[in-house]
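Protein chains: 2
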Amino acid sequence: MKTREVHLKARPQGWPTPEDFAVVEAELAPPGDGEVLVRNLFMSVDPYMRGRMNDVKSYAPPYRLDEVMYGGAVGEVVESRSPDLAEGDVVLHQSGWREHAKGPAKRFRKVAPIEGVSFSVYLGALGMTALTAYVGLLDIAGMRDGDTVFVSGAAGAVGSIAGQIARQRGAARVVGSAGSDEKVAYLTDRLGFDAAFNYKSGPVRRQLAQAAPDGIDVYFDNVGGDHLEAAIGALRQGGRAALCGAISSYNATEPPPGPRNLGLLVSRRLTLKGFIVSDHNDRYPDFVREMGGWLRDGKITFEETVVDGIDNAVDAFLAMLRGENLGKMIVRL
Amino acid sequence: MKTREVHLKARPQGWPTPEDFAVVEAELAPPGDGEVLVRNLFMSVDPYMRGRMNDVKSYAPPYRLDEVMYGGAVGEVVESRSPDLAEGDVVLHQSGWREHAKGPAKRFRKVAPIEGVSFSVYLGALGMTALTAYVGLLDIAGMRDGDTVFVSGAAGAVGSIAGQIARQRGAARVVGSAGSDEKVAYLTDRLGFDAAFNYKSGPVRRQLAQAAPDGIDVYFDNVGGDHLEAAIGALRQGGRAALCGAISSYNATEPPPGPRNLGLLVSRRLTLKGFIVSDHNDRYPDFVREMGGWLRDGKITFEETVVDGIDNAVDAFLAMLRGENLGKMIVRL
Numbered sequence: 001m002k003t004r005e006v007h008l009k010a011r012p013q014g015w016p017t018p019e020d021f022a023v024v025e026a027e028l029a030p031p032g033d034g035e036v037l038v039r040n041l042f043m044s045v046d047p048y049m050r051g052r053m054n055d056v057k058s059y060a061p062p063y064r065l066d067e068v069m070y071g072g073a074v075g076e077v078v079e080s081r082s083p084d085l086a087e088g089d090v091v092l093h094q095s096g097w098r099e100h101a102k103g104p105a106k107r108f109r110k111v112a113p114i115e116g117v118s119f120s121v122y123l124g125a126l127g128m129t130a131l132t133a134y135v136g137l138l139d140i141a142g143m144r145d146g147d148t149v150f151v152s153g154a155a156g157a158v159g160s161i162a163g164q165i166a167r168q169r170g171a172a173r174v175v176g177s178a179g180s181d182e183k184v185a186y187l188t189d190r191l192g193f194d195a196a197f198n199y200k201s202g203p204v205r206r207q208l209a210q211a212a213p214d215g216i217d218v219y220f221d222n223v224g225g226d227h228l229e230a231a232i233g234a235l236r237q238g239g240r241a242a243l244c245g246a247i248s249s250y251n252a253t254e255p256p257p258g259p260r261n262l263g264l265l266v267s268r269r270l271t272l273k274g275f276i277v278s279d280h281n282d283r284y285p286d287f288v289r290e291m292g293g294w295l296r297d298g299k300i301t302f303e304e305t306v307v308d309g310i311d312n313a314v315d316a317f318l319a320m321l322r323g324e325n326l327g328k329m330i331v332r333l
Numbered sequence: 001m002k003t004r005e006v007h008l009k010a011r012p013q014g015w016p017t018p019e020d021f022a023v024v025e026a027e028l029a030p031p032g033d034g035e036v037l038v039r040n041l042f043m044s045v046d047p048y049m050r051g052r053m054n055d056v057k058s059y060a061p062p063y064r065l066d067e068v069m070y071g072g073a074v075g076e077v078v079e080s081r082s083p084d085l086a087e088g089d090v091v092l093h094q095s096g097w098r099e100h101a102k103g104p105a106k107r108f109r110k111v112a113p114i115e116g117v118s119f120s121v122y123l124g125a126l127g128m129t130a131l132t133a134y135v136g137l138l139d140i141a142g143m144r145d146g147d148t149v150f151v152s153g154a155a156g157a158v159g160s161i162a163g164q165i166a167r168q169r170g171a172a173r174v175v176g177s178a179g180s181d182e183k184v185a186y187l188t189d190r191l192g193f194d195a196a197f198n199y200k201s202g203p204v205r206r207q208l209a210q211a212a213p214d215g216i217d218v219y220f221d222n223v224g225g226d227h228l229e230a231a232i233g234a235l236r237q238g239g240r241a242a243l244c245g246a247i248s249s250y251n252a253t254e255p256p257p258g259p260r261n262l263g264l265l266v267s268r269r270l271t272l273k274g275f276i277v278s279d280h281n282d283r284y285p286d287f288v289r290e291m292g293g294w295l296r297d298g299k300i301t302f303e304e305t306v307v308d309g310i311d312n313a314v315d316a317f318l319a320m321l322r323g324e325n326l327g328k329m330i331v332r333l
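Taken in sequence, the protein lines are chains X and V.
Residue numbering for the first sequence follows full-length UniProt numbering, beginning at 1 and increasing consecutively.
Residue numbering for the second sequence follows full-length UniProt numbering, beginning at 1 and increasing consecutively.
The set of hints was computed from the structure by calculation and includes no laboratory data.
Here the structure is a predicted model, which is why all the values come from computation and not from measurement.
Hints are not guaranteed to be accurate.
Any copy, or any two copies together, can satisfy a pair, since identical chains are not distinguished.
What the hints assert, rightly or not - Derived SDA-like pairs: lysine to any residue, alpha-carbon spacing no greater than 25 angstroms straight-line:
1) K57 x G233
2) K2 x D89
3) K2 x E324
4) K2 x S201
5) K57 x R205
6) K200 x R260
7) K9 x K106
8) K102 x D286
9) K57 x Q210
10) K110 x E76
11) K2 x L41
12) K106 x P203
13) K57 x P213
14) K57 x Q207
15) K57 x S267
16) K57 x R268
17) K110 x A172
18) K57 x A209
19) K200 x G292
20) K9 x D181
Work the whole structure out from these sequences, hints included.
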């Protein structure tokens with residue numbers, strides 16, 4: 001059968017352009033013994049994918065040129081040659097960036113429908129991005145009851161969940177930054193942040209000092225750069241920062257200047273800790289139990305920005321890098 | 001009675017000069033009820049004292065202008081009006097920078113003589129600087145058997161002990177940096193470092209790559225600046241840096257540039273953690289037990305650079321900031 005998939009055609013220098021990608025028609029043989037064929041319903045576009053477009057060894061191997069990329073996706077089994085999955089099952093897997101996925105059944109995890117909620121939730125509020133928020137806030141930064149928490153990129157897929165988990169877990173004050181006034185309003189009006197600011201409206205350091213005049217205990221970093229320097233300056237004694245990624249640097253062609261105030265790590269006994277969510281998959285059951293409860297009880301809100309069709313997947317990815325999404329950016333296939 | 005003490009006369013801008021200090025004659029009243037009078041035998045000069053000369057709130061209040069400074073010292077009780085201490089007892093305390101100390105007996109801790117070892121050991125290998133090495137390496141950086149460990153400023157009071165503790169605790173490889181070829185030879189020939197380099201002889205990054213070609217697991221930072229950036233670049237997955245202080249910046253009038261490679265904290269899951277030894281006094285008994293055993297068994301070597309007389313105390317402090325000491329800088333009074 002014929003299907004379509006997105007290839008990486010050139011390694012981007014700085015900001016990617018549509019010409020670095022191509023939607024390619026491909027021939028797919030029927031599934032072999034033990035395999036399933038899945039029609040993808042939704043695929044994820046995430047900041048970490050930018051790193052995989054570079055030809056550098058990182059925590060995951062780079063995407064290959066002229067081959068299909070990959071990433072999180074949810075699909076429906078349309079043909080099964082495995083006893084473990086049946087036609088009609090909906091599955092979560094890593095063969096995104098394509099209309100159909102095929103492979104051994106064990107690479108596909110069956111997910112349960114949730115009443116009134118799209119299956120795309122398994123790419124967002126019950127998916128890898130929300131697990132990132134959960135692990136980063138609770139395990140890496142060790143957030144405690146009564147902490148003041150600052151989340152950068154707080155209207156994005158990870159940040160919007162991190163701020164809300166902080167609230168549910170007893171943070172005294174939750175502060176967020178985002179890249180537009182509309183997002184700032186979303187944080188305070190819809191997600192229950194105590195304060196938020198538009199980092200394009202003025203220096204982060206000054207705006208953070210206004211939003212958290214007594215300083216912060218925990219910083220959840222999605223942005224890096226001047227956000228990280230400002231957060232270090234605001235951290236109180238014993239403060240902890242979970243470093244999740246630095247979207248501000250992903251398309252930089254020069255290394256950005258580092259924070260000039262690392263001396264504060266000593267005098268204030270601060271900790272900066274980077275992490276990769278895939279090291280923490282053992283926390284998934286705890287996460288699903290706790291997050292599932294919050295979602296069921298309406299205590300956590302999530303937003304998706306949905307783009308239709310594989311022809312628009314690259315545009316969705318680029319828009320996400322520019323920060324045009326509110327909550328999780330999803331491509332519906 | 002008359003005694004002499006060292007006052008801070010002016011807050012240094014950048015590098016301190018002798019004119020920022022004065023040795024002043026002072027009148028000391030006899031000890032009151034519950035107090036002791038101590039004749040100081042040795043006093044400590046340490047890098048952290050530079051920070052206390054600035055008028056900024058840090059983890060300790062700044063020294064006051066035109067008053068006596070303070071710091072670790074060992075002395076002999078010459079008059080006691082407390083049942084807790086007797087004349088002739090040797091005590092460790094925080095009233096250094098003066099020839100005599102006086103105060104409530106509880107501020108003075110009696111120390112035992114160790115055969116063949118000067119009482120100044122309680123300012124060095126059994127003192128605060130060695131406890132700093134112990135806590136930083138084992139608790140903050142969490143050094144494990146088989147780790148490759150890099151210590152900067154490794155010929156100094158803290159670094160020389162940190163490297164040797166790493167060796168005793170099963171490090172696979174111990175690497176150090178120091179500021180002269182003589183110190184480098186001391187590290188490899190006397191202290192058992194596997195490799196060492198003179199950071200004035202070339203870029204730290206390149207020399208560290210030669211000394212630890214497979215990377216490092218633990219970095220003990222006494223220097224900051226380009227040492228920290230080079231160490232971050234060398235840390236392997238899950239690596240940990242204990243930040244103890246950054247002598248490279250203490251006399252800087254401009255904030256030094258920060259490390260440009262903090263993105264590695266995420267991809268390699270690295271941790272940077274600052275600490276202050278006074279938060280960890282509960283580890284003193286473990287430290288004394290373990291370090292005392294190593295010293296007794298001749299497994300840990302230490303060096304002191306001894307300067308005589310309170311008139312030379314400021315010169316000793318300045319020489320220590322310039323790195324002219326080997327091991328612990330001590331003033332004998």
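Next item on the list: Run the structure past the numbered hints and jot down the numbers of the failing ones, going up.
Entry: The structure breaks hints 3, 4, 7, 8, 12, 17, 19, 20; every other hint is satisfied.
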